[in-house]
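Peer 1: Let the sequences and hints guide you as you build the complete structure.
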Amino acid sequence: MSERFHSRWGLILATLGMAVGTGNIWRFPRIVASNGGGSFLVAWVLFLFLWSVPLMIVEFSFGKRARRGAIGAFRHLAGDGAGWMGGWVALCATAIMFYYSVVAGWCLRYFVASIRGELRGGDSESFWSGFAGSHEAFFTHAAALTIAVAVVWFGVRGIERVAKLLIPLLAFLVIVLAVRAVTLPGAAAGLEFLFRPEWSALADVNIWLQALTQNAWDTGAGWGLILTYAIYMRSREDVPLNAFLIGLGNNAMSLLAGIMVLCTVFAINPGARDQIVGAGNEGLTFIWMPRLFEQMPAGGFFMSFFFLALSFAALTSLISMIELVTRLLIDAGLTRHKALGLVVLGGLWFGAPSALSLDFLHNQDWVWGVGLMLSGLFFAIAARRFGVERLRREVVNGEGSDLKVGRWWSFLVGVVVPVEAVILMVWWLWEARSWDPEGWLHPFRAETVGTVLLQWLVALTLLFFLNRWMGRLESGEETEIVS
Amino acid sequence: MSTLAVVLMVVICGIVWGGFLVLLSWMMVSEKKKAALVEKGQEQT
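Here the protein sequences line up with chains A and B, keeping their order.
Residue numbering for the first sequence follows the numbering used here, starting at 1 and increasing by one per position.
Residue numbering for the second sequence follows the numbering used here, starting at 1001 and increasing by one per position.
There could be a bad hint or two in this list.
What the hints assert, rightly or not - Derived DSS-like pairs (lysine-lysine); straight-line CA-CA distance at most 30 Å:
1. A:K164 <-> B:K1033
2. A:K404 <-> A:K164
3. A:K404 <-> B:K1034
4. B:K1034 <-> A:K164
5. A:K164 <-> A:K338
Unchecked claim - Okay, the calculated beta carbon distance ranges per label pair:
6. B:S1025 <-> A:G121: 28 to 36 Å
7. B:V1038 <-> A:R445: 52 to 60 Å
8. B:L1021 <-> A:G406: 19 to 27 Å
9. B:E1031 <-> A:G406: 18 to 26 Å
10. A:A298 <-> B:T1045: 58 to 66 Å
11. A:A188 <-> B:G1041: 51 to 59 Å
12. B:S1002 <-> A:A143: 44 to 52 Å
13. A:D204 <-> B:K1032: 43 to 51 Å
14. A:F49 <-> B:S1002: 26 to 34 Å
15. B:L1021 <-> A:L202: 26 to 34 Å
16. B:M1028 <-> A:G278: 54 to 62 Å
17. A:S34 <-> B:K1032: 43 to 51 Å
18. A:Q275 <-> B:V1038: 54 to 62 Å
Please keep in mind that the hints were generated in silico from the structure rather than gathered at the bench.
Since the structure is predicted, the reported quantities are computational estimates derived from the model, not experimental observations.
Note that the Cβ used here is the ideal one computed from N, Cα and C, for glycine as well.
Peer 2: In structure tokens, the structure reads:
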């Protein structure tokens, strides 16, 4: 295995590209606005250090130690019987990749629409309802998938080169948009709303759980993606400093996105604030943002900047998801190019239902989004099976480490992260009961407890019984069969 | 903007952006040191 990141910058930028996705730009501003502004930010910063960074350190050390994809790394570190847990991590990220490609396609289509002026003067709601779920959305899904696969085709060097280009550009675009938003008349009200703390809100447990969820979803910790990139770390590479850097870099980008969106909303249309933040991710981004930009001086120009930034964020995250699946297939004995051929076919086929139906996409987002919390739990369990202290001594604080972590990290990974993961899963499933009080156990509705339990049960049963087969495949004993 | 909001903005942005920039500088210095050590090792061999 000779593929390596050429430089530490390459690893950092590629991993930042993985972490900074659409969730930073379209979910964070909405969640912070509907959960107490400044109070939410306090909890959000705290959980960066209580969930994201500890799990990122685990992922980096798993990849660096095992030099294998998620299934192989779990088997290598936690024993042959733990392969199914790695399989779960991989399955969640793969299932998300199928519909995330659709989302990346939306962003690309809106970037093109903003340049061609299709969003000007018209009704953005009609444009969105005519596009989402249409055949055109399938073609943009295919375009996004093709672009991302073309990057991964060239291996780690391809990923590194693209990250070195796109991440600085993404940061530049978001900074320009944030500066533009802050300098709009009336933008100070947006900053006030974002940063004004309501201390009484800190007594609301929902705010803490939303802050923890935001960290779990938008930093990429516990998804298996950092593990995949860490396979290609140089051997004398630091782990803890990289994890802190990426966690803080990701949240720094979220803060800029929050400033950009909320200042724009408050400056242009403060009266519709509640309607805008309550419109959901897609409503905010694809219906309200074009309307707001249209009322802004040079709005068409800034709108294309916004959708270009969103496209870059989506594509760099999609690239990491595709690399995760590709890596698993390489571990099973396929060449990179054969593996990517399968990924394209699988991505087109399994992404198609999400491209053609928003209900299906929301169902998958719900089922595997909550599944990521179980992935985080599995990482913590695997670390415990290997020995959290041993992992800390031998890998985290091992060769090349710039920053030594203390026993606090072992406590966080061994105790705090598993407790957080269980609380989050129970809370989300409990919350979901109120979304559909009559049919919350219905297994074939988009966002119910029943659909989560059914899909998880099928997936976990299959993974558990295929554990030995996955182990043989991953260790190369059945290479001839798959290649 | 109220004073409280300004204070929280400075604290949160200080932790997140300040922390990021400090660690970035740390990483760059560390990489320079590591590169110098490698160069020194190559000269000796």
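Peer 1: Now look at each hint and say whether the structure bears it out.
Peer 2: Structure-based check of each hint:
1. Between K164 of chain A and K1033 of chain B, the direct Cα distance comes to roughly 22 Å. Compliance with the 30 Å bound is thereby established for this hinted pair.
2. A C-alpha spacing of about 28 Å is found between K404 of chain A and K164 of chain A, which places the hinted pair at or below 30 Å, so the restraint holds.
3. Under the criterion of a C-alpha separation no larger than 30 Å, the hint pairing K404 of chain A with K1034 of chain B is consistent with the structure, at around 17 Å.
4. With a C-alpha separation of about 21 Å, the suggested pair K1034 of chain B and K164 of chain A falls inside the 30 Å cut-off, and the hint holds.
5. Of the pairs offered as hints, the one joining K164 of chain A and K338 of chain A holds, with about 26 Å between alpha carbons and a cut-off of 30 Å not exceeded.
6. The hinted range of 28 to 36 Å is not satisfied by S1025 of chain B and G121 of chain A, whose Cβ atoms lie roughly 47 Å apart.
7. Taking the beta carbon of each, V1038 of chain B and R445 of chain A are about 59 Å apart, inside 52 to 60 Å as hinted.
8. Range check, L1021 of chain B to G406 of chain A: Cβ separation about 24 Å, and the 19 to 27 Å hint holds.
9. Judged by the Cβ atoms, the range 18 to 26 Å given for E1031 of chain B and G406 of chain A holds: they are separated by roughly 24 Å.
10. Hint check: A298 of chain A to T1045 of chain B, Cβ distance near 59 Å, so the stated range 58 to 66 Å holds.
11. The hinted range of 51 to 59 Å is satisfied by A188 of chain A and G1041 of chain B, whose Cβ atoms lie roughly 55 Å apart.
12. For the pair S1002 of chain B and A143 of chain A, the beta carbons lie near 47 Å from each other, so the given range of 44 to 52 Å is met.
13. Against the hinted window of 43 to 51 Å, the Cβ-Cβ separation of D204 of chain A and K1032 of chain B comes to about 47 Å, which satisfies the hint.
14. Taken as a hint, the range 26 to 34 Å holds for the pair F49 of chain A and S1002 of chain B, whose Cβ atoms sit roughly 27 Å apart.
15. Evaluation of the 26 to 34 Å hint for L1021 of chain B and L202 of chain A yields a pass: the beta carbon distance comes to about 28 Å.
16. Between M1028 of chain B and G278 of chain A the beta carbon distance is about 43 Å. The supplied range of 54 to 62 Å is therefore violated.
17. Checking the proposed 43 to 51 Å range against S34 of chain A and K1032 of chain B shows it holds: the Cβ atoms sit about 45 Å from each other.
18. About 58 Å separates the C-beta atoms of Q275 of chain A and V1038 of chain B, a value consistent with the hinted range of 54 to 62 Å.
Consistency note: the structure conflicts with the earlier hints numbered 6 and 16.
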